[in-house]
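Protein chains in written order, with this note's numbering: chain F, 940 to 1280; chain D, 940 to 1280; chain B, 940 to 1280; chain S, 940 to 1280.
Derived by calculation from the structure, the hints in this document are not laboratory data. Remember, predicted model here, so these are calculated numbers, not experimental data. Careful, some of the hints might be misleading.
A pair counts as met if it fits within one copy or between any two copies, since identical chains are not told apart.
[What the hints assert, rightly or not] Below 30 Å or equal to it, Euclidean Cα-Cα: the simulated DSBU-like pairs (lysine-lysine) are:
#1 Lys1230 <-> Lys1100
#2 Lys1020 <-> Lys987
#3 Lys1207 <-> Lys1101
#4 Lys1101 <-> Lys1020
#5 Lys1020 <-> Lys1237
#6 Lys1101 <-> Lys1160
#7 Lys1046 <-> Lys1207
#8 Lys1100 <-> Lys1160
#9 Lys1046 <-> Lys1020
#10 Lys1207 <-> Lys1197
#11 Lys1160 <-> Lys1237
#12 Lys1160 <-> Lys1197
#13 Lys1100 <-> Lys1020
#14 Lys987 <-> Lys1230
#15 Lys1046 <-> Lys1237
4 protein chains.
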Amino acid sequence: MRSDNLSGVSEKVMQAIINENNGLALAYSEDDVTAASQENLRALFENKDLVSYNLVTGTATNTLILATLCPTFGAIFCHEKSHIYADECGGVEFQTGGAKLHPISGKDGKMIPSAIEDAIGHYIIDEPHHSQPAIISIANSTEAGTIYSPDEVAAISEVAKKHNLKLHMDGARFANAVVANGCSPADLTWKAGVDALSFGTTKNGTLGAETAIFFNASDDKGFVYRRMRSGHLVSKSRYVSAQINAYIDDNHWLDNAKHANDMADKLKGAILNSSAIDLLYPMQTNILFVKMIPALNKALEESGAVYYSWGVDDLVGARFVTAFNTPETDIERMIEVIGNF
Amino acid sequence: MRSDNLSGVSEKVMQAIINENNGLALAYSEDDVTAASQENLRALFENKDLVSYNLVTGTATNTLILATLCPTFGAIFCHEKSHIYADECGGVEFQTGGAKLHPISGKDGKMIPSAIEDAIGHYIIDEPHHSQPAIISIANSTEAGTIYSPDEVAAISEVAKKHNLKLHMDGARFANAVVANGCSPADLTWKAGVDALSFGTTKNGTLGAETAIFFNASDDKGFVYRRMRSGHLVSKSRYVSAQINAYIDDNHWLDNAKHANDMADKLKGAILNSSAIDLLYPMQTNILFVKMIPALNKALEESGAVYYSWGVDDLVGARFVTAFNTPETDIERMIEVIGNF
Amino acid sequence: MRSDNLSGVSEKVMQAIINENNGLALAYSEDDVTAASQENLRALFENKDLVSYNLVTGTATNTLILATLCPTFGAIFCHEKSHIYADECGGVEFQTGGAKLHPISGKDGKMIPSAIEDAIGHYIIDEPHHSQPAIISIANSTEAGTIYSPDEVAAISEVAKKHNLKLHMDGARFANAVVANGCSPADLTWKAGVDALSFGTTKNGTLGAETAIFFNASDDKGFVYRRMRSGHLVSKSRYVSAQINAYIDDNHWLDNAKHANDMADKLKGAILNSSAIDLLYPMQTNILFVKMIPALNKALEESGAVYYSWGVDDLVGARFVTAFNTPETDIERMIEVIGNF
Amino acid sequence: MRSDNLSGVSEKVMQAIINENNGLALAYSEDDVTAASQENLRALFENKDLVSYNLVTGTATNTLILATLCPTFGAIFCHEKSHIYADECGGVEFQTGGAKLHPISGKDGKMIPSAIEDAIGHYIIDEPHHSQPAIISIANSTEAGTIYSPDEVAAISEVAKKHNLKLHMDGARFANAVVANGCSPADLTWKAGVDALSFGTTKNGTLGAETAIFFNASDDKGFVYRRMRSGHLVSKSRYVSAQINAYIDDNHWLDNAKHANDMADKLKGAILNSSAIDLLYPMQTNILFVKMIPALNKALEESGAVYYSWGVDDLVGARFVTAFNTPETDIERMIEVIGNF
């Protein structure tokens, strides 16, 4: 589909919202459901010190975390195709009051440690003419559908530590990355040196619930004021927190992500077998970037498949995204169409 | 209760959310449900030109409207007890990038035109040392539980027009004001000179849905970019817009507000009859500010009533708020307690 | 005259600028002259720990100090007629990225401790809806031409300490306040609890030189980056610092201020003796606010006197300002005109 | 030398400052000297419509122009080594309230039109997730010591016009570019499609005077308020404007730049003749980037030459800058040292 944003809400999460609708509850995150969500996340991440703040959008989560961790005159290093650099309309620059996003190129939507080192090297510490390096931000899974392994995260964390920077992970599709890595949430984050995580759930089955997680409690200084003044303190917070609780209960989030990844993998098999269509990146999660002959593109569109596409010389580029509730029959129909070429 | 924020979601609105959960829909406000909500609001406000943007919080709505209408070096005139001045943690200053909020005092939570004139008079037009007057912002109903009538709004609009300012209305409790005024939504807004309205619904029965309404289409320039970069473009927008649609359908919003106002009015009757408790402001909607003898406060608390309170010399000040779903029995119990003094 | 800004540069300061024009020097405040200015200020203020940054304008100095000391979600308490509130076009809101300026009224341009206490009382600590109290800012001398004594400053400092706030002094006319108080610079600042001072010199004989002084070295964190990114790191800094050095050398600054104060005092004598003109505030430095009969205003203008004036009912309000180089004959001419009424 | 910032003030400009010190003058740019500077610039640039604002630093000039021309959610395209991107500590991001600087690589410190086209192509117009393209900013002469010709500027202007962007020129070393091009100031700016110019003079003989020039009068909307609130409205403005007037009088500025360029050219000749040192860029103005053998670097340093240097593998990289008052004997001494290798 065009994006996993188009999917609806899983039955389990919707039921949790409905169940919440019983009488009064304190507003503004002072309710018991919100308190419980932090406890649940502490258990999930095997970390008693983490603090969490539930929000409604991924951009809110990314920008508020970064504004909390980064001085207003700081520099943040990220991939040139990352959401925070390319798709948040200057949200980080705005929310931080002027921090600089330094874009770094890299294969398959990923940055390698030496490229980050090079970028940091452009900035002289204690030189007022230069924004001061403060944060490395990586997305996992990436916007290209690839993943960082725990070891790769740890290697980037080494760079961060060496230069006294914080490491942020944009986890808009964190569940897909965990499933693809086959590791624990802790392994992929704080145990690998991540300081803060945007824990996304909306693309994977909730209505609208994203959590800012700081793995070191003292790192969240001022977060609650930044959240309020930017309009992100939801009054009926229990309905957001209830989504988080249902999402992580009983591995619901991993089941959802596994389905999405599996559907993408099935489609990938057909692509690799066809000479009419090719992968642009080594797909590892639920996003496939491809290029294909125009005739195939036409046939797919006529079959009802919906996706972003653009011209690539004589070919057509496209992004296919699967979700927690993508019907297997949809994938099979696409495979059938591809098989005809 | 402490606030109408503590109330849950009305059955009708919750059902609309559930009904929405059927298959895919475009994200980011490009869905049909969002388009329908604008049409519904145009009908409700009898104004074919209005443009509307659905958001999740009142602070987001107020600050994004004001940032869109106000130059970054502008001045905004508002009541000193207004939400935008006193309860948004500097949200307007932040979202506008430095505009000045000029607080104005006034009886019963309201500003009178001459006081606004006086305040504007402090600023010299075209004088670079002075923030430039840009907006008057009023709340209707007010934070004190009082209302502006259409005529009073029109009188303030005259001041705005005279000085070439825009007039904004914070309608976090707009439904309560419409019911109390017994007028049409149009009468209380654009027909009285209001340029933009924060159309609040969350306190009156929805889960989280607030709409920024510009009555003159050209006034919304840049709104969509400010919304995105501040993290307020919800991906699964249809679930927010469905709430708006259910809320205004079949007078649901007015029925809700009428119940809240009626409950407050019933309580007011008992207060006026008692010598142990007095109104601080002439209650007109669903908020009662009172002062009472400590013994009554104690008795109310023991009876299970929940509200904000604070010391006022030897007396106790308190704010009682009713909501769309306040049980009449709760009010009757309070009245009974008051009757004992 | 209209303002002490209209005066030129004292001979001594101009000579220092000329003397500086000999060969190369490091730029961007890394030169020896700038280093010397900090040493000179440490001696003048009897404080070895102070750190100082030379700038060109008073608004730059005020806003950069406040942005350094105040969190972006903080509240700053100041007089409603203060320069930072009324005459910097929202500079503090801009430079801090959204802090709130809370205006406080008070007689003769001054705030009394209890009024500040009351204002702080509006803000609940640790409540995200409220900007968090961070700074009290006073001007000395004030915009009304009055002064705070060391004891009055200390009393305000007590309020600051009690609430864990910083105390800033806008010293655009600091020299006039020191002369009027007959105290030492240290007595009027850090010994009375002032944490940071905008040490103004431009209105008192320099070309353009203002110094941000932090009396506690650790308070200046991040200042150098904020100065640079806001465009206030002057390249040929030695010419600014040379002004500061000449200004404080051999009591030049106090001599200048004494002349200005004396000229104002002389004029004040004539005003007190006349029934055609009255003081609006108890003039203590070099600014006289008066109201007078229109005929006198007309006569003064015809005599060549230049000042700001405005209508006050049937009378004319006016602000007379004297400077370091106001000719005594100018004052005598004004006295003569007043004597005719 | 390390930078042309280290040079002092030319005799002619210093005399103009001294001459200005005669009596009172209106402050805050309302003085006659400032009015005259705009007239002088209109004559110099053969453009009766231009509006000009005198400031003290280059960063102030760049950032205020860009904040005036660029919406707060806009994107600005510039070279990755440009001063606004790499050396203003996030000044543009701060002053605009969150605009995005998009860095573009390019040979010899210059951008070619197709590279700018490519960069603009990353942004979808009317797509709220993307910052909206607003400005192309080029430096002339560049930070690499190279120049854009009028034709090259016009070619970039074509790109700007095609995409409805404004074209800004950072002219911190504008005089050097004019001399090197042998063209008129008009030819290199508005006649080639430049909308706004940072007209730098400080590096070329003034004490501290930079002018923001808008070639289309209506483009300066709001500039005066942004200047004031950011602390850049100098009170004794006549002393700044007097520098501008002396600077452009009688070709003083071109004479100064010619000397600097000539000195660099003389040095360049020696470099081209030596096998121990090489140019990194094709020097065209007053900045030479070189790499040389370590022994030569050592010899130059021992001879008293002062410059920035850094390691380049086994060689030493260095930046030599000449100024309006660089003694020819200094250059001859360097040439002699180079000749020894």
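field: 30 Å Cα threshold - placement of Lys1020 relative to Lys1046
entry: both (10 Å within a copy, 23 Å between copies)
query: Are the CA atoms of Lys1230 and Lys1100 at most 30 Å apart within a copy, between copies, both, or neither?
result: neither (39 Å within a copy, 33 Å between copies)
Intra- versus inter-copy proximity for Lys1160 and Lys1101 (alpha-carbon distance at most 30 Å): both (23 Å within a copy, 22 Å between copies)
- request: Check Lys1020 against Lys987 for me: Cα-Cα at most 30 Å, and say if that holds within a copy, between copies, both or neither.
  value: Neither: 34 Å inside a copy, 40 Å across copies.
query: How would you classify Lys1100 and Lys1160 at a CA-CA limit of 30 Å: within, between, both, or neither?
result: both (20 Å within a copy, 22 Å between copies)
query: How would you classify Lys1160 and Lys1197 at a CA-CA limit of 30 Å: within, between, both, or neither?
result: neither (35 Å within a copy, 42 Å between copies)
query: How would you classify Lys1046 and Lys1237 at a CA-CA limit of 30 Å: within, between, both, or neither?
result: Within one copy only: 29 Å inside a chain, 41 Å across chains, cut-off 30 Å.
query: Taking 30 Å as the upper bound on the Cα-Cα distance, should Lys1160 and Lys1237 be classified as within, between, both, or neither?
result: neither (53 Å within a copy, 37 Å between copies)
query: Within a copy, between copies, both or neither: where do Lys1101 and Lys1020 come within 30 Å Cα-Cα?
result: Classified as both; 25 Å inside a copy, 25 Å across copies.
query: For Lys1207 vs Lys1101, is the C-alpha pair at or below 30 Å within one copy, between two copies, both, or neither?
result: neither (39 Å within a copy, 40 Å between copies)
message: When Cα atoms must be at most 30 Å apart, do Lys1020 and Lys1237 count as within-copy, between-copy, both, or neither?
response: Result: close within a single copy only, 27 Å intra versus 44 Å inter.
task: Up to 30 Å between alpha-carbons, please classify Lys1207 paired with Lys1197: within, between, both or neither.
output: Within. Shortest intra-copy distance 15 Å satisfies the 30 Å Cα cut-off; inter-copy 57 Å does not.
The structure shown violates the earlier hints numbered 1, 2, 3, 11, 12 and 14.
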